[in-house]
Amino acid sequence: MSTYRFLLTVVLTSVIASSAHAQEWTRFRGPNGSGIAADANIPSAPTPQDFNWKVQLPGIGHSSPTIWGNRIFLMSADPDTGLRYVLCLDTQSGKTIWQKEFAAGASHLHTKSSYASCSPAVDEVHVYVAWADDDHTQLVALNHDGEPSWRVDLGPWVSQHGFGTSPMIFEDKVIISLMQLGDERKLKDRPIGNSRLIAFDRKTGEKLWETTRDSDVAAYSVPCVYEMKDGRKVLIANSSAHGIAAHDPETGEQLWAEQVFNMRSVSSPVIAGDLILGSSGSGGGGNTVSAVDPNGGQPKLAWRLSRQASYVPTPVTFDDKVFVWYDKGIVSCLDAKTGKVLGQKRIGGNYYGSPIRVGNRLFCISEEGNLMVVSADTNLEVLGETNLGEGSESTPSISDGVMYLRTYSHLTSLGGK
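What the sequence shown shows, in mature numbering (1 follows the signal peptide of the UniProt record, and there is no 0), is residues -22 to -1, 1 to 395, in sequence order.
What the hints contain is simulated information worked out from the structure, not anything from laboratory work. Please read all numbers here as calculations on a predicted model, not as lab measurements. Check each hint, because a few of them may be wrong.
Keeping only pairs whose Cα atoms sit at most 25 Å apart, straight-line, the calculated DSS-like set for lysine-lysine is [claimed, not checked]:
1) Lys318 / Lys278
2) Lys395 / Lys73
3) Lys185 / Lys151
4) Lys318 / Lys299
5) Lys323 / Lys299
6) Lys185 / Lys207
7) Lys306 / Lys90
8) Lys73 / Lys151
9) Lys151 / Lys90
10) Lys166 / Lys151
11) Lys181 / Lys207
12) Lys306 / Lys278
13) Lys166 / Lys90
14) Lys78 / Lys166
15) Lys299 / Lys278
16) Lys78 / Lys181
Please model the complete structure; the sequences and the hints are all you need to start from.
Next comes the structure, spelled out in structure tokens:
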């Protein structure tokens, strides 16, 4: 083989491998939790022919699907007994490849929560899932054929609303944020929750580090990674007790924290250029979206949105803009650097899932089960509204140009044709 042909083969192999890996949706809201996917042939106003399949799931849940290759992973649960299901489905047909059941106790839940609110994380070997009842918090690794590799019990879970956080992967680690209740007025004779950020070896389940955190109100934010201007990568973990905080991903040590929250942190951090975004709020209002600049010596608040800010839905970015999807059906377009509102539109509905961006369009499912599609620009034009036949509190996922939509007890495949 000539040197030219050898080099060409190496380059093409690298490109194909990179492209294949980029198509995976490996955690809640996809790559680094950004909620961003390349443009795809997903119709804004789909007809019945645009849907590839729809399957019923055992039980109900809010777990958003993750995808690796031709396999979809998600959780569901029996709403009465608390029995947890970990499911693997085929992307082409929706058929169940395998289903694993895990006994777990029933426990107190918020009326809008479920026993299966964790979205799996997945890598080339394992799928990682978590759940909790009052006495046990479980993190489990299964291989892609559903066989258990390791399992750790992280102790009791203390909260008002149940369990809802999800694991994430960074290099050789699977990391989970367990931010529990510490308000003695709300504990009802239970001990203060043991809040911490923990990293495990992906292959073995060995604990690599554990960082103790203060307990306030339980937080459900899933960490992401931020690259500082000097090239260092830091782990960003939002919580009600600490605000937006950065940790060394190798040791768990807190590097800095900027307390910009005065209420519960449910949404996850998002990177917007040089800034890190996070939100806090409550079901009764008082929501804020805050942007922190971590560069320049000390982290500082860059801007804050206090009107029509999201509480549960996580924002999504597009170039120099941020899109905030308010829980009560108002979408805002903001200047990412200044927080200035550039456009705003009331679209209706209530939202507990988060938007994702596919090219220049935003997709989000309402609690009422409507798939809303909005233009990702200052006009915020409603491009489509399609009822999925059942309510939803989940976030769309996309892989290889196909979108997967979780409602309470069904999973639907859309587009890509």
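Evaluation of the provided hints:
1. Lys318 / Lys278: Answer holds: Lys318 to Lys278 is near 18 Å, not above 25 Å.
2. Lys395 / Lys73: holds (19 Å)
3. Lys185 / Lys151: holds (9 Å)
4. Lys318 / Lys299: holds (10 Å)
5. Lys323 / Lys299: holds (15 Å)
6. Lys185 / Lys207: Answer violated: Lys185 to Lys207 is near 30 Å, above 25 Å.
7. Lys306 / Lys90: Distance ~14 Å between Lys306 and Lys90 Cα, so the pair holds.
8. Lys73 / Lys151: violated (31 Å)
9. Lys151 / Lys90: violated (31 Å)
10. Lys166 / Lys151: violated (35 Å)
11. Lys181 / Lys207: violated (31 Å)
12. Lys306 / Lys278: violated (29 Å)
13. Lys166 / Lys90: Between Lys166 and Lys90 the Cα gap is close to 21 Å, so the pair holds against 25 Å.
14. Lys78 / Lys166: violated (34 Å)
15. Lys299 / Lys278: holds (20 Å)
16. Lys78 / Lys181: Holds - the C-alpha atoms of Lys181 and Lys78 are around 20 Å apart, at most 25 Å.
The earlier numbered hints that this structure contradicts are 6, 8, 9, 10, 11, 12 and 14.
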